Amino acid sequence: MITGRFFAAGADRRIAITILILLAVAVIVPLLNLAVSPTRAFYVPSYIVALTGKYLCYALLALALDLVWGYCGILSLGHGAFFALGGYAMGMYLMRQIGARGVYGNPILPDFMVFLNYKELPWFWYGFDHFWFAGLMVLTVPGLLAFVFGWFAFRSRVTGVYLSIITQAMTYALLLAFFRNDMGFGGNNGLTDFKDILGFNVQADATRSALFAASAVTLALAVFVTWATVGSKYGKLLMAVRDAESRTRFLGWRAENVKLFAFTVSAVMAGIAGALYVPQVGIINPGEFEPSNSIEVVIWAAVGGRGTIVGPIIGALLVNAGKSWFTGVLPEFWLFALGGLFVAVTLLLPKGIVGMWDSWRGNAKALRAASLAEEAGTDPVAPPPQKIVRSAATKPGDWSSSSPEPQPAE
Amino acid sequence: MRGNFSTITKMFSASVVAAGLLMSAPARAADDTIKVGILHSLSGTMAISETTLKDAMLMLIDEQNAKGGLLGKKLEAVVVDPASNWPLFAEKARELISKDKVAAVFGCWTSVSRKSVLPVFSELDNILFYPVQYEGEESERNVFYTGAAPNQQAIPAVDYLMSEDGGSVKRWVLEGTDYVYPRTTNKILEAYLKAKGVAAEDIMVNYTPFGFSDWQTEVSAIKKFGSAGKKTAVVSTVNGDANVPFYKELGNQGIKAEDIPVMAFSVGEEELAGLDTAPLVGHLAAWNYFESVDTPENKKFIADWHKFIKNDKRTTNDPMEAHYIGFNMWVKAVEKAGTTDPDKVIDAMIGVSVPNLTGGYSTMMPNHHITKPVLIGEIQADGQFETVSRTPGLVMGDEWSDYLPDSKDLISDWRAPLSCGNFNVATGKCGGKGTN
Amino acid sequence: MNKSHTILYLDGVSVSFDGFRAINNLSLVLDKGEMRAIIGPNGAGKTTMMDIVTGKTRPDEGEVFFDGQIDLTRHDEAEIAMMGIGRKFQKPTVFENHTIEENLMLALKGPRSIFPALLHRRSTAEARQIDDILGIIRLGDKRDQLAANLSHGQKQWLEIGMLLAQDPKLLLVDEPVAGMTDAETEETARLLKEIARDHSVIVVEHDMHFVRELGVKVTCLHEGSVLSEGTLDFVSADERVVEVYLGR
Amino acid sequence: MNLLRAIGLTLLFLLATLSSSGAGEADLRGIIANFATAKGFSETGTVVHDLAATGDPAVEWPLAALADGNLYIRKADSLVFVGKEAGDSVELFDPLSGEKSADAAKDDITKIKVNNTLRRVIRDALGTLTLGAKDPAVRIAAADTMFKTPDAANIGPLDTAIASESVASVKALLEQARAASVLVSDRPDADKLAAIALIGARSDRNAVSMLTSVEANASGAVQEAATAAIANINSTLAFWDAGQNIWYGISLGSVLLLAAIGLAITFGVMGVINMAHGEMVMLGAYTTFVVQQVIRTSFPGLFDWSLVIALPLAFLVAALVGLAIERGVIRFLYGRPLETLLATWGVSLILQQAVRSIFGPTNQEVGNPSWMSGSFNVGQLAITWNRLWILVFALTVFAVLLYVMKRTPWGLQMRAVTANRRMAASMGIRTPWVDALTFALGSGIAGIAGVALSQIDNVSPNLGRGYIIDSFMVVVFGGVGNLWGTLVGAFSLGIVNKFLEPYAGAVLGKIVVLVLIILFIQKRPRGLFALKGRAVEA
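As you go down the protein sequences, you meet chains A, B, C and D in turn.
Residue 217 in our numbering sits at position 217 of the first sequence, and the numbers go up by one each step.
Residue 61 in our numbering sits at position 61 of the second sequence, and the numbers go up by one each step.
Residue 50 in our numbering sits at position 50 of the third sequence, and the numbers go up by one each step.
Residue 37 in our numbering sits at position 37 of the fourth sequence, and the numbers go up by one each step.
If you're looking for bench data, these hints aren't it; they were derived computationally from the structure.
Take the hints with a grain of salt, since some may be wrong.
[To be verified] With a cut-off of at most 25 Å between alpha-carbon atoms, the simulated DSS-like pairs for lysine-lysine come out as follows:
id	chain 1	residue 1	chain 2	residue 2
1	D	Lys113	B	Lys313
2	D	Lys148	B	Lys230
3	D	Lys148	B	Lys223
4	B	Lys299	B	Lys313
5	C	Lys142	A	Lys233
6	D	Lys148	B	Lys299
7	A	Lys119	B	Lys408
8	B	Lys231	D	Lys113
9	B	Lys256	D	Lys84
10	D	Lys75	B	Lys300
11	D	Lys106	B	Lys307
12	B	Lys300	D	Lys111
13	B	Lys224	D	Lys148
14	B	Lys313	B	Lys332
15	D	Lys113	B	Lys256
16	A	Lys119	B	Lys231
17	B	Lys313	D	Lys111
18	D	Lys148	B	Lys170
19	D	Lys148	B	Lys256
20	D	Lys106	B	Lys310
21	B	Lys299	D	Lys106
[Claimed, not checked] Over the 12 Å line for every Cβ pair with chain A, so calculated as not near, a few chain C residues:
id	residue
22	His5
23	Ile136
24	Arg138
25	Glu159
26	Ala178
27	Gly179
28	Thr181
29	Arg197
30	Arg240
31	Val241
Note that the coordinates shown come from a computational prediction; the quantities given were computed from them, not determined experimentally.
Where is the CB? At the ideal position from N, CA and C, for every residue including glycine.
Given the sequences, and given the hints that come with them, work out the whole structure.
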């Protein structure tokens, strides 16, 4: 069965290794943090646990985006919205857990509602005092939004740039909406000052380690699910829609449903990432809806290698580690570095680190894909004259001569 | 070509590895210096305000080192960039405290950044100095609020407008950016105005989004509201970037300060530097400091600043003074405690009194807020403020507003034995209002 | 007219884009089991006609019926494809990042919803079908190669193979031999004739040699309507056709 | 305060009726000297009144100087001077004779402080004093002031002024000012009713303001007349309000058009998603800033021309940067629109941070030239000059661009390359060159948009960020590749936004507009003015 395939297939060894590493990390890092004395060399300080836990959530988000972008060609510039919605659902649960320990000591209303003179809890806050309900919302709210949004967009065949821009409009509209204090989500300040999750203090090292482990395990699970999805016939179909959407239609497939399923699954994954993220960073606010955040997620996936499973994870970890390092060491220059990375990756590493690694190592499959591209000429500076220039910027980096994205805007 | 790509990949991977190594390299624990964290955004939307504060802190630290440092050690500034990203504020705060082992952190701007780092400071038990005016409704053991609470800015400002000198204003527009500070401030002001006998129909409240730039409709609504035959004023809690287009529109639509004055709480010298102030002469701002204040301390501060920043045109502003006060208080408290251990310093802070730049002393109160004079200034053609009113004495920051129903019974006192940020005088218990 | 014996029935169909009439009162009837060649100069409306039949474009007016009773104007591409109309594009369109076998697997007749696709395991029957088609299109030895690496002609064949895998009642084949060598053209003609034995086929082609080789009834379109219809000899003798092709 | 004004105005009345006998210069000096001893605003106010009461036109200058904050006291001898700042020192002039005295260091003199209330008092006092001024504009201002601050004591001077007024429009204003004063006097009701009729004819906000206070204080027939007049004016104003919303919408639309029009070229015509477009706008704005800096320091007389000078420079700067981006980055990415998005996003970060490093993160001051300041009225519609010029400018840019695209060889080549690149290349068009120039053109236009936007928005490194999403919405809504679509898109989004704003508020209004765009794209996936047909769908 699927698991049999999992262990048997040599080409998928990378996935197996990734999952094993993630599971191992989920066990070892908390151990090194909790059981090793801080003076020992192997001790992992708590802030590293919190930091890497955060990165793992970003990695999950990047993986979610990659499912739709890398495998289905839908460049969503609004995935941050799903992430944030999942985060808000978790944040609302955490807010309710504060109970009477808020500064005003109101057992029902969160602090921000008290000083904004709310008399009672808005209806959409009901139920969030139960973890299971919040967990359900983490899945359903982003999923439902993606489903409704995707249902409209894909059915009307909004593709390519148009889709990217309306996803951006979606997250921008949500940003503005959540900024409004009248919405009852804490406005600009968002939700913060969390105390407990499932009865454990969110500040405690043990809870942090547990959250870290949960993130790692969830990511491992997501890797497995993505791998299984992508490897199935549906996965082939997904890529077929990416490469030649009209062909799939004339074969009788409903391309809109194919996309919608991937989009919804991806949104749910992003929502889970957000839900894991919030207790680890201790705040969720509308800033997460910022369109620039969503664009940054795209670059994580691009750096690591889109259309691969391991790539987005590597990309998210590397870029964020770089960001942490740069903002500490060279704060004035970190935007130059990030901007330069965007440009360099799109120009020089269109397949990302993993894709580059593959062609470097002469991975058989990648070589086959590249052979045609090489025929077309490998010099990125001078596009071959015999091809239409616009589509001829094909470089060794491309998978093939056909553009993996939907058609250009013209 | 292929070769080239491999080289690039190699270089890339090499740099990634190098970056990783640098990251993981343990911070060299230098025992001969005391580290001070500076947590201000140097990029992103907040950089416009916060970069100046970072420079001001560097200057203060330089000066202290020139005076021989602190406890016989040199001070060392650790600057990080939280990039106007709130979760990054928390991450950077954690990094400053855990990795760099700073003795105290000066930073944040806007409540959300402060709220996002609060848990970090209380968990890791360190000190944050927050230099910006804010909405109050908070008092944390690990935070010292050197900016103004609403009663140190908003209420005296409204008092001035109601006075004869201020034009005996009868009708009020509360115009703000839609976030917590304006919301809370306006709630407090509404309650305050109503308590002073202003009718509900004489108050108009309006909110706009961050970075709002098309003010035509709002300004004409103000004009309309102001034509009811009563003296009208605007109390503006409009934030940052949105101010320039707001004032430009006011000027162009011919709203003169003599007719409808605008009293702002977030417009300082720095914001005015981006504006031609000639059409705005007479509009007001309430702060605890103006660059134009004529005292020897201020003159020296400005001269030092210009020298440090190597630009005579750079202005000083209220949050800079707040850092000036906060930093000097911290220095004094450390000297008093004889250690930089945050626990001891927090206790030593209360009661510390240092000169402010407006010719008096500011004292740290038990509620972790400070005493300050409140100045009302009118915008001048040269981009400065002219002080037109000044509270007779110092005003003590009131963290829990008396004009909000849920906080009027609360007080904060961080001295032993009370040691509580939200003590309820009605119930005699620490921990807020209790049941609703 | 009785539609019951027809596989495709177009009557009075018109469609215009921004004032330009791409199809103008077109009527065309194809009997069950028939193979028809359609010729016509560029812009005659050949591709638009296919778009209408496959549901990509809605006609402004006119009737389009499939299999005698199904009104095609009420269905979209996927539904029409499921009813049994397969279409090969002018430019060969295959899934370049999939192997030839995977291309065929996606085309094989079967349920077209998401969840079966997610849980799908290949059955022996399917494997046999794929083998058969690979034999017909002569790509058996390349089954594990990526479609991107096929030559132009091989891609055309693969696409035809994908149509076969769909097991349609009617095949619409747009310029199947464009860019092929003579040998490949011949081979393709043979392949199509073989297919026509148990399918209805419409072939759009410019290559007169190829059309002649097919030896079927020919319809010549011009400016969106039928100019002439009959055997190739009849049509090519038609003065109007000569005029249209050679220009005035 | 009111008491003060009453005293002052009574005095004014007295002097006006006594005609301008004029006090002796020594008396004036005596009063002016009181400024040195006055404490607080109210005492200074008294001195202002005393001064105005003399009715001597000579006091106009020192009073105006006081209002502008230019009246100083020399610490050494407590003498009062009109000052003019000249660098670190201040030039001092005698307040009455205007004779120049010795310069003084800033530390040696004290500025007499003024605040709004005092400025108002001075304005009122000057209003009466300047009723007989030669310049009609000054007389209009005086009449306006007196209308807004009616006082029974004003009736006398106004009567005199009306009798001698020769310009009809000024006369009408004076009569309205008189009517306003009549309403606050104890004249008989008949006079008041006539006054209400006169003021009612003004039908503007000031009239409403005036009549509302009458309504509150009067009774009987006067009150009824006031109520009726208010209702009447309000219905007129409601009509103008709708007009105003349309104007605001058009004005917002023109800003959107300016921001989006360059994008219509780079995105619409070339298919390049240029996320650095906003930064091109920012570069244009910063160019304006630099031009103004140079003008301020070297050629102050040219300030009113600064924008005109900045326009070509901004175009050049942005176009060159655009050219560099195209040659350096974008040309490798043609046909991969989503990757241009990422790369240009990176470029935008770099440009932003570069500007931040060079100019600092704070706002820079870009001044409005005099012809871009202030407003004028069309009926009850206040139209600000800067908005009007921006509208004119946006339409001009649009027209020029349309001309370039449709009527010049370059435009022809551009369209040819877009339509069929291979064919264009084989006909001898140097397609890479056309690409580069087209992108430079789009960027250059963004640059000149920056010149215009510097007049109404912040000039900061974040300037571009605020416009990028809106610009994309406009282009996508209007239909990519269609300049007219961009025009219609910009204005319709502007107007819809401004009509929603008064009801929904600015935030909700914007959200609604965004949701409408999302829904609209579902309905017409290729925008308002999309090309239909096979070619575009292939």
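Quick rundown of the hints versus the structure:
This hinted pair checks out: Lys113(D) and Lys313(B) have alpha carbons roughly 24 Å apart, not beyond 25 Å. Between the alpha carbons of Lys148(D) and Lys230(B) the distance comes to roughly 11 Å, so the proposed pair stays at or under 25 Å and holds. The hinted pair formed by Lys148(D) and Lys223(B) meets the criterion: a straight-line CA distance of about 14 Å does not exceed 25 Å. At roughly 14 Å between alpha-carbon atoms, Lys299(B) and Lys313(B) fall within 25 Å of each other, so this suggested pair holds.
Distance hint between Lys142(C) and Lys233(A) is fulfilled; the C-alpha atoms sit about 20 Å from each other, no more than 25 Å. The hinted pair formed by Lys148(D) and Lys299(B) fails the criterion: a straight-line CA distance of about 42 Å is larger than 25 Å. Using a Cα cut-off of 25 Å, the hinted pair Lys119(A) and Lys408(B) holds, with the two alpha carbons roughly 17 Å apart. With a CA separation close to 22 Å, the supplied pair Lys231(B) and Lys113(D) stays within the 25 Å bound.
Between Lys256(B) and Lys84(D), the direct Cα distance comes to roughly 23 Å. Compliance with the 25 Å bound is thereby established for this hinted pair. Between Lys75(D) and Lys300(B), the direct Cα distance comes to roughly 23 Å. Compliance with the 25 Å bound is thereby established for this hinted pair. With a C-alpha separation of about 21 Å, the suggested pair Lys106(D) and Lys307(B) falls inside the 25 Å cut-off, and the hint holds. Taking the CA atoms of Lys300(B) and Lys111(D), the gap is near 21 Å; set against the 25 Å cutoff, the hint holds.
As the CA atoms of Lys224(B) and Lys148(D) are separated by approximately 15 Å, the hinted pair is consistent with the 25 Å bound. For the given pair, Lys313(B) sits about 31 Å from Lys332(B) by alpha-carbon distance, which is inconsistent with the 25 Å threshold. A hinted pair counts as satisfied when its Cα atoms are at most 25 Å apart, and Lys113(D) with Lys256(B) qualifies at roughly 18 Å. With a C-alpha separation of about 34 Å, the suggested pairing of Lys119(A) with Lys231(B) is violated against the 25 Å cut-off.
As the CA atoms of Lys313(B) and Lys111(D) are separated by approximately 22 Å, the hinted pair is consistent with the 25 Å bound. At most 25 Å may separate the alpha-carbon atoms for a hinted pair to count; Lys148(D) and Lys170(B) meet this at roughly 17 Å. For a cut-off of 25 Å, the pair hint linking Lys148(D) to Lys256(B) stands: about 13 Å separates their Cα positions. Proposed proximity of Lys106(D) and Lys310(B) is supported: the alpha carbons are some 23 Å apart, at most 25 Å.
Between Lys299(B) and Lys106(D) the alpha-carbon distance is near 13 Å, which keeps this suggested pair within the 25 Å criterion. Even its closest Cβ contact with chain A, about 25 Å, leaves His5(C) beyond 12 Å, as expected for a residue assigned away from the interface. No beta-carbon of chain A comes within 12 Å of the beta-carbon of Ile136(C); the shortest separation is about 18 Å. With a least CB separation of 20 Å from chain A, Arg138(C) remains clear of the 12 Å interface cut-off, as annotated.
Look at Glu159(C): its CB is around 8 Å from the nearest CB on chain A, not clear of 12 Å, so calling it non-interface is violated. With a cut of 12 Å on Cβ distances, Ala178(C) stays outside the contact zone with chain A, its closest approach being about 17 Å. With a cut of 12 Å on Cβ distances, Gly179(C) stays outside the contact zone with chain A, its closest approach being about 14 Å. Every CB of chain A is more than 12 Å from the CB of Thr181(C) (nearest about 19 Å), matching its label as outside the interface.
With 12 Å as the threshold on Cβ separation, the claim that Arg197(C) sits away from chain A holds: the shortest Cβ distance comes to roughly 23 Å. The beta carbon of Arg240(C) sits about 33 Å from the closest Cβ of chain A, which is more than 12 Å, so the claim that it is off the interface holds. The claim that Val241(C) lies off the interface holds: its Cβ sits roughly 30 Å from the closest Cβ of chain A, which is beyond the 12 Å cut-off.
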